[in-house]
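Asks: Sequence:
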Amino acid sequence: MRITQTHRAIILTGVEEYIDADVDVHVFGSRLDDTKRGGSVDLLLTSKTEISELSCDELKSVLEEYLKLPVNIVTYDPSDEPSPLQAKALAEALPID
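In UniProt numbering, the protein residues as written are 1 to 97.
Derived from the structure by calculation, the hints contain no laboratory data. Worth double-checking, as some hints may not be accurate.
Each computed SDA-like pair below joins lysine to any residue, with the alpha-carbon atoms no more than 20 Å apart [unchecked claim]:
{"#": "1", "residue 1": "48", "residue 2": "82"}
{"#": "2", "residue 1": "88", "residue 2": "29"}
{"#": "3", "residue 1": "68", "residue 2": "46"}
{"#": "4", "residue 1": "36", "residue 2": "2"}
{"#": "5", "residue 1": "68", "residue 2": "34"}
{"#": "6", "residue 1": "48", "residue 2": "30"}
{"#": "7", "residue 1": "68", "residue 2": "28"}
{"#": "8", "residue 1": "68", "residue 2": "17"}
{"#": "9", "residue 1": "88", "residue 2": "71"}
{"#": "10", "residue 1": "88", "residue 2": "46"}
{"#": "11", "residue 1": "68", "residue 2": "30"}
With the hints as extra help, turn the sequences into a complete structure.
Replies: Okay, here's the thing in structure tokens:
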């Protein structure tokens, strides 16, 4: 996984600060492939509590500022049927912590 310990700490601190819910944080997409270069940080936030779009937008802005990388955030409530994007993220995501 191409996420440094510093990036992990920034992401987890940001999620704790901006998403006021019990959230599981996973990474999916190109950052899972150690042979690739570049790419955005794709995060899957899973919570039984609704995560507001505003909170995700704020988190995305802060993470992009501190990580100096593009960030994509997908949210998922396990009680709902996953969308195609959520299903793809769920299939390949790995926990960040």
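Asks: Confirm or reject each hint.
Replies: Verification of the hints:
no. : hint    : verdict
1   : 48 x 82 : 13 Å, holds
2   : 88 x 29 : 9 Å, holds
3   : 68 x 46 : 24 Å, violated
4   : 36 x 2  : 9 Å, holds
5   : 68 x 34 : 19 Å, holds
6   : 48 x 30 : 26 Å, violated
7   : 68 x 28 : 18 Å, holds
8   : 68 x 17 : 19 Å, holds
9   : 88 x 71 : 17 Å, holds
10  : 88 x 46 : 14 Å, holds
11  : 68 x 30 : 16 Å, holds
Checked against the numbered hints given earlier, the structure breaks hints 3, 6 and satisfies all the rest.
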